[in-house]
Amino acid sequence: MAEDTFLTDDFVRQLINVGEVDILVGLPTHNNATTIGAVVQSIQSGILQWFPRERAVIINPDGGSRDGTPELVTGISIDDLRPVSNLHALRTLHSISTRYGSSPSRTVAFRTILAAAELLRAKACVVMSPESSSFEGEWISKLLRPIRHDSFDLVTPTYRRHKFEGLLVTNLLYPMIRALYGLRIREPYTREFGFSGRLGGEFLLQNVWDDATGGHGIELRFTLAAITGQQRICQSFLGQKDHVELRSADLVPALRETVGPMFSALESTFTAWSGVTASQPVPTSGPDHEALLDPMRVNRKRLREMFSTGVAELETVFHSILSPSTLAELQRIAGLEEADFNYPAELWVKTVYEFAVSYQKSVISRDHIIQALAPLFRGRVFTFLVENRNGSTEDLENNIEGLCLEFERWKPYLLQMWKSRE
Amino acid sequence: MPLSQDVLWYKDAIIYQVHVRTFYDSNGDGIGDFQGLEQKLGYLQDLGVNAIWLMPFFPSPLRDDGYDIADYNSVHSSYGTLEDFRKVLDSAHNRGIRIIIEMVLNHTSDQHPWFQESRSSTDNPRRDWYVWSNTDERYKGTRIIFLDTEKSNWAWDPISKAYYWHRFFSHQPDLNYDNPDVREQVWKVMSFWLEMGVDGFRLDAVPYLMEREGTNCENLPETHEVLKDFRRRLDEQFPGRMLLAEANQWPADLRPYFADGDEFHMAFHFPLMPRMFMGVKLEDRKPITEIMQQTPEIPSICQWSLFLRNHDELTLEMVTDMERDYMYDTYAENKTMRLNLGIRRRLAPLLDNDRRRIELMNGMLMSLPGTPIIYYGDEIGMGDNINLGDRNGVRTPMQWSGGWNAGFSTAEPDRLYAPLIQNPVYGYPAVNVLSQLGSEHSLLHWMQRIITVRASTAVFGRGSIEFLHPANHRILAYVRRLGNEAVLAVNNLSGAAQAVELDLKKYKGNILIEMSGKNIFPRVGEQPYLLTLGPYQFFWFRLRRI
Numbered sequence: 000m001a002e003d004t005f006l007t008d009d010f011v012r013q014l015i016n017v018g019e020v021d022i023l024v025g026l027p028t029h030n031n032a033t034t035i036g037a038v039v040q041s042i043q044s045g046i047l048q049w050f051p052r053e054r055a056v057i058i059n060p061d062g063g064s065r066d067g068t069p070e071l072v073t074g075i076s077i078d079d080l081r082p083v084s085n086l087h088a089l090r091t092l093h094s095i096s097t098r099y100g101s102s103p104s105r106t107v108a109f110r111t112i113l114a115a116a117e118l119l120r121a122k123a124c125v126v127m128s129p130e131s132s133s134f135e136g137e138w139i140s141k142l143l144r145p146i147r148h149d150s151f152d153l154v155t156p157t158y159r160r161h162k163f164e165g166l167l168v169t170n171l172l173y174p175m176i177r178a179l180y181g182l183r184i185r186e187p188y189t190r191e192f193g194f195s196g197r198l199g200g201e202f203l204l205q206n207v208w209d210d211a212t213g214g215h216g217i218e219l220r221f222t223l224a225a226i227t228g229q230q231r232i233c234q235s236f237l238g239q240k241d242h243v244e245l246r247s248a249d250l251v252p253a254l255r256e257t258v259g260p261m262f263s264a265l266e267s268t269f270t271a272w273s274g275v276t277a278s279q280p281v282p283t284s285g286p287d288h289e290a291l292l293d294p295m296r297v298n299r300k301r302l303r304e305m306f307s308t309g310v311a312e313l314e315t316v317f318h319s320i321l322s323p324s325t326l327a328e329l330q331r332i333a334g335l336e337e338a339d340f341n342y343p344a345e346l347w348v349k350t351v352y353e354f355a356v357s358y359q360k361s362v363i364s365r366d367h368i369i370q371a372l373a374p375l376f377r378g379r380v381f382t383f384l385v386e387n388r389n390g391s392t393e394d395l396e397n398n399i400e401g402l403c404l405e406f407e408r409w410k411p412y413l414l415q416m417w418k419s420r421e
Numbered sequence: 000m001p002l003s004q005d006v007l008w009y010k011d012a013i014i015y016q017v018h019v020r021t022f023y024d025s026n027g028d029g030i031g032d033f034q035g036l037e038q039k040l041g042y043l044q045d046l047g048v049n050a051i052w053l054m055p056f057f058p059s060p061l062r063d064d065g066y067d068i069a070d071y072n073s074v075h076s077s078y079g080t081l082e083d084f085r086k087v088l089d090s091a092h093n094r095g096i097r098i099i100i101e102m103v104l105n106h107t108s109d110q111h112p113w114f115q116e117s118r119s120s121t122d123n124p125r126r127d128w129y130v131w132s133n134t135d136e137r138y139k140g141t142r143i144i145f146l147d148t149e150k151s152n153w154a155w156d157p158i159s160k161a162y163y164w165h166r167f168f169s170h171q172p173d174l175n176y177d178n179p180d181v182r183e184q185v186w187k188v189m190s191f192w193l194e195m196g197v198d199g200f201r202l203d204a205v206p207y208l209m210e211r212e213g214t215n216c217e218n219l220p221e222t223h224e225v226l227k228d229f230r231r232r233l234d235e236q237f238p239g240r241m242l243l244a245e246a247n248q249w250p251a252d253l254r255p256y257f258a259d260g261d262e263f264h265m266a267f268h269f270p271l272m273p274r275m276f277m278g279v280k281l282e283d284r285k286p287i288t289e290i291m292q293q294t295p296e297i298p299s300i301c302q303w304s305l306f307l308r309n310h311d312e313l314t315l316e317m318v319t320d321m322e323r324d325y326m327y328d329t330y331a332e333n334k335t336m337r338l339n340l341g342i343r344r345r346l347a348p349l350l351d352n353d354r355r356r357i358e359l360m361n362g363m364l365m366s367l368p369g370t371p372i373i374y375y376g377d378e379i380g381m382g383d384n385i386n387l388g389d390r391n392g393v394r395t396p397m398q399w400s401g402g403w404n405a406g407f408s409t410a411e412p413d414r415l416y417a418p419l420i421q422n423p424v425y426g427y428p429a430v431n432v433l434s435q436l437g438s439e440h441s442l443l444h445w446m447q448r449i450i451t452v453r454a455s456t457a458v459f460g461r462g463s464i465e466f467l468h469p470a471n472h473r474i475l476a477y478v479r480r481l482g483n484e485a486v487l488a489v490n491n492l493s494g495a496a497q498a499v500e501l502d503l504k505k506y507k508g509n510i511l512i513e514m515s516g517k518n519i520f521p522r523v524g525e526q527p528y529l530l531t532l533g534p535y536q537f538f539w540f541r542l543r544r545i
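Chains A and B, in that order, are what the protein sequence lines are.
Residues in the first sequence are numbered consecutively from 0, following numbering that gives the first Met the number 0.
Residues in the second sequence are numbered consecutively from 0, following numbering that gives the first Met the number 0.
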């Protein structure tokens, strides 16, 4: 049976004109006109400065922008009709765009990038976020050089950012993936990463594009595929990551994008994680973390209230998900005054592991399980904020390391539940 | 075959560049000579060339391959006599081949009697024929051209106890064109050869004739005045003769050498040549189209002169630092291949002896706007010898056959002016005229055919050019037009097969006739014209409205 086609004829025609490339930059967009100009300029200057001799292309899968975003991306092409004035370029630089639908989908966008990379036989690829105001051209080099020159297959970033940014990563994704698979990847879920054409090609063939998670969290799945495929992985320090203002309503979609795929992968990757008993650092260029300590205003009281309310309102749901002892402990701390409130690491780890097993068993709708984790995560964040309110960078790192070790220490608990889940 | 009477003959010319020393030795002394050249004119006629550019053959100490002239009005004894030269001239003309000779205006050998007199005394009447100074601090803004050998443009003369100016080697003192007597004497030299019948001069190193403080001493207005004066006299006294400028400059700086059509007839397009190599290596037309966009219009009677290789290094003066580094890394990884700011290699080794790339490069040479120059031996894919010093590795004897001394000379091999190429790939047993004449599909026969096709229309030599800009950047495509005639050239710069859509709406209704096989291709319609090309393939199509 013929394989489904998902690239438009026009896009294929553009790819024919590009031909084989050494470097492919993927830039998924949707109504990013306010930020995309600076991003594409940085990409262009990064390619010209760091890879002037390489055959490069910028691929822009666009999810139906109405603000002229694709035109801004394609406008930075360099050819004999559009030479660059301030930077001399040896080569033509194609920047091509394809509209894959009327609504954005990171999964479809990433699949388009991978398909383009395979057709163009790209040796090294990088995916960049269209929203990053702190993006510098050198990031291109930092994400691609380990692939081009040191034969790595996946390069994940590390950043300098505020100690209270990226809390879902520091309190859940990083420590759990580290405990499960034994690799200390600080940013397993990121919008900016580099990968080899080989890894991209293998992932493109995997059956991940239409499965039960609705294609959520494709970047995290990609990282997990690299880990479980025993690909060569390294980290590269990019510099300062710009602050992203998150709303409370953003949490559940973020959990769907990250925790969902992570829980979902447990079944298919069981042989890869079940035998891992310790974790190892991955090769890293530059520091694997840097934190800014300046004060940040956070409404901790609201976090605790949402936790307590959630524990009360979702008691029935939690009965299906959590063990009686864990639920009882959560109910106990939900009743504590703010000054006394503490959601300890051990309880948080057990909570997460029990959610993971329940997710696998589908005790209730998987999406409801993910949603139910949101108030509990807020309670954990409250404690994290309190514990690290006045701490130094080192204190912060020790705190995160302590949580990671808890995840590793309690892994047998997960394994035991997993094996007896039937 | 009579010579064309068209005064614009140089526009239709195919020029063959050769040093008489390298071509054929008629008397068995190991050195090529004019009698030998005369014997080989039939070969050149068969090849299809209609002009020969002879490199310096004047008496000379030969410290710079004859560009150090010690007597402008004679022939170096190794090459024969003036009478021998006259015979070559007449024989060539009888075959419809014109002769262009070298004229080194900027400097002489330090052995030239003019310089000997000039240095002999500050009172000598010819003292002022050269540029003397008591200090080496003058003209500080002037670059040094031969960086590998010279530290200054001034050299101390212990005889006259002063510095003399030289833009090239220190044994080549610059003539002083501020002196009217020098200009008069040089014109006398040119007249001497023109009266004999030579058809044109390749004027060497013309940007450097004059010096002025506070400038870079290149392309000065005073230099142009001198050159225009020579041109005026040429037109008045010898109409139909031609001046070709050697000025290794950017296109915008070259443009003044054409002036209003009253300075040079032709000038080398130096910046284009390395970019053709770059384009093929990058598999990207950008370097070529960029430099062509920077190439200004020239008067209708003027012409660019195009070449792939010549007797010098593949010059990288007219490229950016980044481009130069790229060229070095990709074409001269072995540092012994590098000389001054260039690469001392022949065409075939530069292109890895890849027949397809050699054909593509020659195809572009023949179809881009200008008069092509073929360097001797490149028509059979001769190699080089980088173990010979300076640029001698690309100046080895012509390989006529696989026999004794490659058929070049009957002398003992150790008497040859330079060793033959001997390696298994490019050595004369493998690469020679005789064997290629016997093979229908040899490079030599291919060159004959492509020259014939080019000569079948004036559009390549005289037509306008319009670049197409297909989205596939590996394809270099352009339309040459002259009157009602139009030719489409499509070049695949890539080592992989390519598909390309050409916007030929302007030519809707035309059919395409491939000029080599005369086959008909589909008629141009409303839609983009789809072509597929094999690796490094090129097509020339005549556009016909039938």
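Source of the hints: derived by calculation from the structure; they are not laboratory data.
Honestly, I wouldn't trust all of these hints.
Said to hold, decoys possible - A short, non-exhaustive set of chain A residues, derived as facing chain B with CB atoms under 8 Å:
1. Asn16
2. Glu19
3. Gln48
4. Gly62
5. Thr73
6. Gly74
7. Ile75
8. Asp78
9. Asp79
10. Leu89
11. Arg90
Think of the CB as a built atom: it goes at the ideal place given N, C-alpha and C, for glycine as much as any other residue.
The hints, checked one at a time:
Here the hint on A/Asn16 is kept, as its CB sits about 4 Å from the closest CB of chain B, short of 8 Å. A distance limit of 8 Å between C-beta atoms decides the matter here; for A/Glu19 the minimum to chain B is near 7 Å, and the interface restraint holds. Because the smallest distance between the Cβ of A/Gln48 and any Cβ of chain B comes to about 11 Å, over 8 Å, the interface hint for this residue is violated. Violation of the interface hint for A/Gly62 is found here, the shortest Cβ-Cβ separation to chain B being roughly 24 Å, above the 8 Å cut-off.
Using the Cβ-Cβ criterion of 8 Å, the hint placing A/Thr73 at the interface with chain B is not satisfied: the shortest such distance is roughly 11 Å. Here the hint on A/Gly74 is broken, as its CB sits about 15 Å from the closest CB of chain B, past 8 Å. This hint is violated: A/Ile75 has a C-beta 15 Å from the nearest C-beta of chain B, more than the 8 Å allowed. Residue-level restraint check for A/Asp78 holds (minimum Cβ-Cβ distance to chain B is 6 Å; threshold 8 Å).
The beta carbon of A/Asp79 is positioned within 8 Å of a beta carbon in chain B (closest approach about 4 Å), and the interface hint is therefore held. Hint on A/Leu89 holds. Least Cβ distance to chain B is approximately 6 Å, under the 8 Å limit. The beta carbon of A/Arg90 comes within 5 Å of a beta carbon in chain B, closer than 8 Å, and the hint placing it at the interface holds.
Comparing the model with each numbered hint stated earlier shows that hints 3, 4, 5, 6 and 7 do not hold.
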